[in-house]
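Asker: Chain by chain, the residues:
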Amino acid sequence: MSVTSLSPDQPIDLTTRPGRRRRDTAAKWAFRTAALTTLLVTILIIVTLVFDAWQFLSKLSESESGLGALNEIGWFPRRGLFDIGTLVVGSLIVTGIAMAVAVPLGLGAAIYLAEYARPGVRRVVKPIIEVLAGVPSVVLGYFAIAVINPELVVRLFSGANKAFTLAAAGIGVGVLTIPIIASVAEDALRAVPLSLREASYGLGAERMQTTFRVVFPAAISGIVAALILGISRAIGETMVVAIAAGAVGGGLFRLTPLEPGQTMTGAMAALGFGSDQVAGNDLAFQSLYFVGLLLFFMTLLLNVASDWLVNKVREVY
Amino acid sequence: MAFTTPATMGGASARSITEGLTKRGADRKGKIIEGILVGLLGLSLLVLLTLIVDLLTSSWSVWTTRPGDFLTTNLNSQSAAQAGVGQAIRGTLILCGIVILVAFPLGIACAVYLEEYAGRSWFAKIIRINVRNLAGVPSIVYGLLGLAIFVQAMSGFTGGRTVFAGGLALSALVLPIVVITTSEALRAVPRSIREGALGVGATPWETVRSHVLPSAAPGILTGTVLSLARAAGEAAPVLLVGAATGLLRTGNQSLMDQLQGPFTALPVAIFSYARQPGEDFRSVTAAASLVLLAMVLAMNAVAIWLRNRYERKW
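Top line first, the protein sequences correspond to chains X and S. Note that our numbering gives residue 175 to position 175 of the first sequence, counting from 1, and the numbers run on in steps of one. Note that our numbering gives residue 342 to position 25 of the second sequence, counting from 1, and the numbers run on in steps of one.
Fair warning: there could be bad hints in the mix.
In silico DSSO-like cross-links for lysine-lysine, where the CA-CA straight-line distance does not exceed 30 angstroms [unchecked claim]:
1. S:K442 - X:K312
2. X:K312 - X:K126
3. X:K126 - S:K346
4. X:K28 - S:K442
5. S:K348 - X:K28
Just so you know, these hints were derived from the structure itself, not from any lab.
Given only the sequences and the hints, what does the whole structure look like? Please build it.
Answerer: As structure tokens, then:
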């Protein structure tokens, strides 16, 4: 390859082919447009939910039952009973059971992997936890009615419904939440600088004391973030509940987890599943968006809180 | 101050301290705690093991009597003996194809904008917050979006309750995941690569195309394959958009007819079968679940393999 010699009396031409600059500008705008579409998705979600939820409420207030139907005795959308409380309580029961399963298992796994496991063990176990995270929720829904309910719930509580219970759905959701809690909490624990552990060991603390009195408190906001994220996922989980909680057409207000019940997501799946029949502008169909809006804001609030806590950990270390 | 040796501290001899720290049974409480932690971890792994064993044993009758038939027959929620996942597998593959065509380019482009162009502008800040929040939106809400926008508002384009509408809903669902994983991959590319390209006169676009994207390709690929696995396993959005759950006859339709007609997907078929009572349907459900699990885990395995194979330390 020959090298062009640069002589002072021969000026260098610095102008480039015009196509290059044009392509560069075009690419920049293409990337910016793509970024805008993500904003568009959010706007569309909020507009759809708010618009249809508003329509639902205004139609309901004009109907004979009025807004009082939101506070009736149960959730039977096709009969005009829209007791949102039934669904919220159902969701809380399922989330509570899910957390009772996922918090000890997820945190236990996180603490073990971050503080106790040897690198070799960690290399093997971590991918297995990731596999658990990859299990589709319908498969866990099947698992909840095929194994969890008959083998666990019915055996422990003889009065439980043989086919569908909120408890089985809750345990199924809990299993789905384990890997989320485990991975976020493990990240938080590993973000605690080694110097804190060394200082603790240097003072003569044992591993348990170091883990629970030094590392755990130092990572506490990250761990709380993991729990909030877990709650948010558990509330939003649909298919396990749709399969294992039973109540398809609607549900009575119930506080017992050993019977079939309905949650916000389960009710939405049931309505959407039969959406061929309820399509159009009737109330049952639009109640879907009202429940959706409520769910959207609940999870948004939880996610923002969790995000804020994770960032706080990042700032400290 | 004089240096005190352990031998004279508090009456305990150096020897007794050493023994207390090293002899068998030292730190018994610590051992118990470690045992509990291992137990908790083991319990999680046991759940996974039970799940896989149950899927295998429950679906055994299907695999021994009609494996090929099951994988190719149509959706049928009336008769377990005729129920299959042929259409469902095809539907899921088409959905994945739409996600690849729609969500991947958009998500990667958005991430390139955020990491390479936007810097710390307020616009970028809003987009970042927005993407993080989108990633936490429950999947069923994307179903509502699909139902209202892709099925009803855009029915002229998608044709109503078609695989297009389902694919678009799933694309919206995985878009934030693609953006987040791609951003991470781009951030891992060192500055010097960009500076090298810019320094010899490349435009920002040329830098991105010929230097940054190739360097980040393994990471991007890993993230996209993982999000594809997520899309393949999601049922709620597709269900709300209107995937068929009962009996679906597509016969020998051409691909175009299938794209424009009613459709179903593997997770939706599992949902449909799981709702049917009886042992027969239980084994059909287990078999379909096993197929879906194998698909999703294979994608995950590919992603992990890609990550390990091409992982680069700068």
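Asker: For the pair we were handed, K442 of chain S and K312 of chain X, check the Cα-Cα distance against 30 angstroms.
Answerer: holds, 17 angstroms
Asker: Is K312 of chain X close enough to K126 of chain X, meaning Cα to Cα at most 30 angstroms?
Answerer: holds, 25 angstroms
Asker: Does K348 of chain S pair with K28 of chain X here, judged by a C-alpha cut-off of 30 angstroms?
Answerer: Violated, at roughly 58 angstroms.
Asker: Decide if the proposed pair is consistent with the structure: K28 of chain X and K442 of chain S, CA atoms, cutoff 30 angstroms inclusive.
Answerer: holds, 17 angstroms
Asker: Compare the distance between the alpha carbons of K126 of chain X and K346 of chain S with 30 angstroms, and conclude whether the hinted pair is satisfied.
Answerer: holds, 26 angstroms
In this structure, the one hint that does not hold is number 5.
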